[in-house]
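> Chain by chain, the residues run as shown.
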Amino acid sequence: MTIAHETLQKSNTLFELGPELQEYGKTLTEWSVAEVRPYARMADETHAPPPNWKDILDSCPVAISRRDRHAKPLPDFIDGRWVRDLVTTEALTYGDLWVNDVQGSGIGHLTVKIMGTEEQIARWYRPIIDRGGQAAFALTEPGFGSDTSMVSTTATRDGDTWVINGTKMYCSGGATCEYVVVFANVDRSLGPSGIKAFVVERGNPGMIIAKANEDKLGIRSWQTTELLFDGCVVPVDHMLGWSGNDGATSSNKRQPTTQSGRGGALGALAQNKPNISAMGLGIAQASIDVTRDRLSPQSDSFTPARWAKIKNELDQMDAALHRIRRVNWGAQSLLERNMANKSEASVSKAFGPPTFERVIRRCMQLVGPEGSSRELLLEKWYRDAKILDIFEGSAQVQRIIIGRTLMGADAGRG
Amino acid sequence: MTIAHETLQKSNTLFELGPELQEYGKTLTEWSVAEVRPYARMADETHAPPPNWKDILDSCPVAISRRDRHAKPLPDFIDGRWVRDLVTTEALTYGDLWVNDVQGSGIGHLTVKIMGTEEQIARWYRPIIDRGGQAAFALTEPGFGSDTSMVSTTATRDGDTWVINGTKMYCSGGATCEYVVVFANVDRSLGPSGIKAFVVERGNPGMIIAKANEDKLGIRSWQTTELLFDGCVVPVDHMLGWSGNDGATSSNKRQPTTQSGRGGALGALAQNKPNISAMGLGIAQASIDVTRDRLSPQSDSFTPARWAKIKNELDQMDAALHRIRRVNWGAQSLLERNMANKSEASVSKAFGPPTFERVIRRCMQLVGPEGSSRELLLEKWYRDAKILDIFEGSAQVQRIIIGRTLMGADAGRG
Amino acid sequence: MFDLDVSDDRVAVAALGRGIGLDLLSPVARAAEKQRSIPSDVHRALHETGLTVLVDESHGGGGLPSIGTHMVAIEAMAYGDPGLTMAALWAGAGAILVGRCGSPDQAFALLPELASDPTKQSVVALYEGFGRSPSESATTIAKDSDGRWRVTGRKLSVPNADRADSLIVIGVDPSDGRLRAALFAGANRNSGLTVSEDDEKIALGATRTFTVTIDAVLDDAQLLGGASAESDKLDTAVGWLRLMVAAAQCGTAQRATDYAAKYATERVAFGKPIASFQGVSFLLADSSIRIGAARLEMLDAAAHLDANWPGSEAIVTRAVNYCGVVATTATRDAIQVLGGHGFITDHPVELWYRSSAALSVLDHDPLLSNFEPAL
Amino acid sequence: MFDLDVSDDRVAVAALGRGIGLDLLSPVARAAEKQRSIPSDVHRALHETGLTVLVDESHGGGGLPSIGTHMVAIEAMAYGDPGLTMAALWAGAGAILVGRCGSPDQAFALLPELASDPTKQSVVALYEGFGRSPSESATTIAKDSDGRWRVTGRKLSVPNADRADSLIVIGVDPSDGRLRAALFAGANRNSGLTVSEDDEKIALGATRTFTVTIDAVLDDAQLLGGASAESDKLDTAVGWLRLMVAAAQCGTAQRATDYAAKYATERVAFGKPIASFQGVSFLLADSSIRIGAARLEMLDAAAHLDANWPGSEAIVTRAVNYCGVVATTATRDAIQVLGGHGFITDHPVELWYRSSAALSVLDHDPLLSNFEPAL
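Residue numbers (this note's numbering), protein chains in the order written: chain E, 1 to 414; chain F, 1 to 414; chain A, 1 to 375; chain D, 1 to 375.
In isolation and in its complexed conformation, chain E is listed as follows:
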């Protein structure tokens, strides 16, 4: 076994962002501190983004979520699109994460892209991409979260329509979006394989906004909606992946097949996991910086031993975050190469969030009795951060996935 010299001599490129992407991240960070952060407290207290959120987004030096974004695509960097997106997310969230909920378009349209027919993609995916708007995703129900095979919402065929009944929770943008992609079971005797996705457009009768926004521990400005489907009728061709042309009638039991199932959709959406971690990086890094800035001028008020400990801890926190950042970059750089990153994306999701909570909590504690006051944003970020280890799969769910990569399908099955 020998390997060519030139192979051995090739070195890794540095694990640092290119200077252009660094500059871009810096610009966005400065903007989010200046324009996003001042509204953080208001967003938390009113449980809504600031009323002028569109104007705020328009003030962004990069056209990420400006109204003119479709005319001005994001710059390209040699680091690639996926790493750029991580940098973008962290930089925006560094101001505050109210912005994340209004900044994107949700994930409903991405589900259409993954599961839909060409016709459906043209009808529901392209417009969101081309002119903006929001598309919601309704999977979770009061009775389940992690175990998505437990969908109890039903869709019953009735002639040229589907009749949907059930309750969905935690639908981001469910009250404001153009349409919701709803997962429902068309034949519970089939078990999980009866679960299909349906597009329900805004204002569709029978889709009731039971609660426009849950009352939550954190991310209070994010509109997480509870939707009630009460005899909600949609045309037959609203089932993703199926044209409605198989001649099935309400009386026959033959079920249409879809292009890509729930698993495929969830798998593709899983690519978003490192971005969840990047959000946490934003507020955790902001917490460290806020704490350092606040305590440094007061350093004389601490005993030397305590101040040394605090400085060391803040440095250890920086290191811990950079370790997470590197893992996120690594996971998404696989996508850049068109390689699968299922396990790496799970690692990213499992690795970051529990540490973000610890960073922010410790920052509150280092600040002391005032650390939990609304005078600072630390207490808000501590509340916000908790969701990161819950949605899009808790660390427990990620460990099941990682364990299976390591030990096969039975790992962690219990």
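Honestly, the hints are just simulated from the structure, not real lab data. A virtual CB, placed ideally from N, CA and C, is assigned to each residue, including glycine. Each hint should be verified, as a subset may be incorrect.
[What the hints assert, rightly or not] In silico DSS-like pairs for lysine-lysine, Cα to Cα no more than 27 Å straight-line:
(1) Lys233(D) / Lys10(E)
(2) Lys342(E) / Lys272(A)
(3) Lys342(F) / Lys262(A)
(4) Lys211(E) / Lys34(A)
[What the hints assert, rightly or not] Non-contacting residues of chain E with respect to chain A, defined by C-beta distances greater than 12 Å in every case (computed):
(5) Thr29
(6) Arg37
(7) Glu118
(8) Gly145
(9) Asp187
(10) Pro205
(11) Gln271
With chain E's structure known, arrange chains F, A and D on it following the hints.
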């Protein structure tokens, strides 16, 4: 609801040992440092206790394991017998834990006491108590550890005898004891309820010492024996809990019932768990003290920040150990009151050992490049400590028990 | 001797506290947070228990429990709600100091009123931040050249400093480094105090807190216990007040763990109650282990205080900090077990998560625990 | 730019290394530990790979790989056995320093021999303990008044200091605080060096180590690279040597985790493979997560060294320490999964547990990780 004033005014007694027990512990500790520790390296290297171990034990100021111990019972303390035993164990182990293996009588006789008939107790339990000697316990097999329902060793009735076949591992003292209590299944069609215990005396034909002592990571001087039972014939009345008088013959399938099953025996033996933790306290506390003694005179060789960190860490280690000590005392003080301590004993076993490993490892690291050298005992104790989280139930097994106390029998069942 | 109290009496005190916590406090916890005060009927009922405003019989109160017993009661009440428990305790905390350390005149002036009138408040200005224990206080109570006492300092998170009928400031006498307490009551209630209200906290909303800047000159009569006060009594009484937070953390942690444990036996995923997955059950078992250790540490500190053990301050500091670690971790893990349901206010776990965090910052010493990445 | 190398070339290097590790090293790991040296046939075979004693082509060697590539190879070899991997690397470590920083004369004097003769050794005296990074070294290489160089200091865990053909001491030039290296070779091999053998370590038995006390006076020609040596080259080369330990830790951790994972799929308890219990699978998943992060940190440090990034020392220190945390934890958890079988020498996991501990103490900085109780 009101409560009498005198009730409210009653205060907890201090969580400190009584002065007499403190003095006793100090005496034992000094002895173990002076007389036990000097043989620690030899015991590790020779995989055996020092040849003069009986003389060493006889030099102990307390008659714990002296040859005259039966004439001189241990002193009583107001703290009670169980807490005294914890103090004893920690103090002895502080020297080194080679002594623990030769100091006791094993647990075979205790099993006889729990599971045996009165006749069997008189025959096998009392003599060990009255004149010493060792009785081994053979449950674990190559194929199982935690799941004791998996006993594959068999005992087949043949007239007035039982014929035992199978392999047992990790039998402490299996090569040197007076007898071994062996668990074997008399009828595998009954599943776990066919598992019974048998006394096999030293020299019984068919009991073969396959390996007198395993080659181990740590506690190398402890004699953990692999025993092979190859058509090992014992009289019918050697089955614990049964006189052999049910008239059963080799041809009928009716199985005798025993006084107390495997579960009862394991449950009673579980009372020993806090003593396992106390062993770990001994070597972990010794590690901290050795490290502090070694590094303090060199403190000027560290930067002030590093030395402050090290001092703080050693203090945190002391606090962590005292927290564990308190939990152990608390668990055994329930026994003092004749209260069950199943869950508390599991807590004690789960709580201490993983922290002992961390303490000792960190001590090695704080000492630096010389920290893993045989010049010090830290490296030995790091190897020894690992067993504490394995034998008598790993932290995982303990958490199953604790979880069941909290959430019922299905908790952690997988 | 080591002697864990598992007596029926102790069990009765815990049961009494749990009854108060679950029946009286828990149902109004969210309302109290919103209205920024203890509902007055609840406050009255708490006052009647004699567990929140402690006054001895000779001054018309129900008598002082031992510190250990009080901690058992506090933990049990906090099992219902830590925010209300601490709100009531903080509003009457001065009674402990006056009762333990006050002169007969001071006790007579303040205690009968506190014992009889639930609307009367006596609060203590204790915390300063910067990881300081009381003996490291930068607030000084110093005799000046004309024999009067100059009090200067800055106290944080002082409960109800605007409305309390009396306010006691803890400081250090620079002449001997021992604790002293300055009593601001009656005509002197406000002299030399500058009070500014804090922003609302992440939790504990039923207590309004203030930053109090002190620059006052006092007579001997305004020193708690007078100029010849015994500082070791004050050490114990201050330790008592600090340890109340540790007890409340234990109760909070235990409640969150029990709540999550019950949820885990009922919630089904992947075909089984989630309690059957070790990823869930081990998380809660770990909380359970830690809470047991934290409780013993807290009770040990209480026993040291009850015995007037010298050097109790360090033991109290350690207990308060460890209980903070345990409670913030346990409430966090309880949310984790509930998943999305833990994150919404339909369940009380998020309130306990916030409460334990708010309690953990008050008396935090960075030297006693560490930031450690989760992985 | 951020660019993770997942190329076929990288994969090929890893595969080569794994082949060496699993086929050549792993089978003799225990024997080598017992005989306190690398079996000579294995040593010869390793030497031929060109991955352990690095010499460029102009001096008859196979060429120097990039540091990043070398780390990939080292991790892969350590997957077979860390003790043998490091034994071979340490025995030839001087080649890297001489090749990178030596004068042409020094290179010519030493490298051809090291390239051609596997029995020749050139070792480096690097570690001092006390958490010191090289730039904090208390070993000084100072120009004295008559223009010669005085080297004083004490180095720990110096490999094969008795038999190595040359020995290079790393120290700091007090005049500018930069690194210098003193070369003890040929006639000067022993002058000014006091060498005493260490007791055996918990692992890494194939390497004998020594404490070396230095009090020597040298000419310019004995300074590595001469009096005008560029210290930034030396910074990089010393970082390279230190980072080898981090790479070996990654390999050790990965192997232990893979081994335990396989065991967990085969071992049955309570009616199922133990891998199906989250108490087992999450433990291994956590190891897997941490190892991935540690590897990236190690490769990041390698990339900084390859780019001669200023300030790489801190990055290397952090990587070495984090990889130590990860490997000691992962090998510990691997034993835990094997239970009693993990504790006996029938399985190799206990060897990796010892090896990772031994590696973790060499370059440990107490400021970069914490003692934290398990619960």
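> All the hints need checking, so say for each whether the structure fits it.
Hint check:
1. Lys233(D) / Lys10(E): Holds, at roughly 19 Å.
2. Lys342(E) / Lys272(A): holds (26 Å)
3. Lys342(F) / Lys262(A): OK: Lys342(F) and Lys262(A) at ~21 Å, within 27 Å.
4. Lys211(E) / Lys34(A): holds (21 Å)
5. Thr29: Non-interface label on Thr29(E) holds, nearest chain A Cβ at 23 Å vs cutoff 12 Å.
6. Arg37: holds (16 Å)
7. Glu118: At roughly 34 Å from the nearest Cβ of chain A, Glu118(E) sits farther out than 12 Å, so the non-interface label holds.
8. Gly145: violated (5 Å)
9. Asp187: Consistent with the label, Asp187(E) stays out of reach of chain A, its closest Cβ about 19 Å off (over 12 Å).
10. Pro205: holds (28 Å)
11. Gln271: Gln271(E) clear of chain A: closest Cβ-Cβ about 21 Å, beyond 12 Å.
Checked against the numbered hints above, the structure violates only hint 8.
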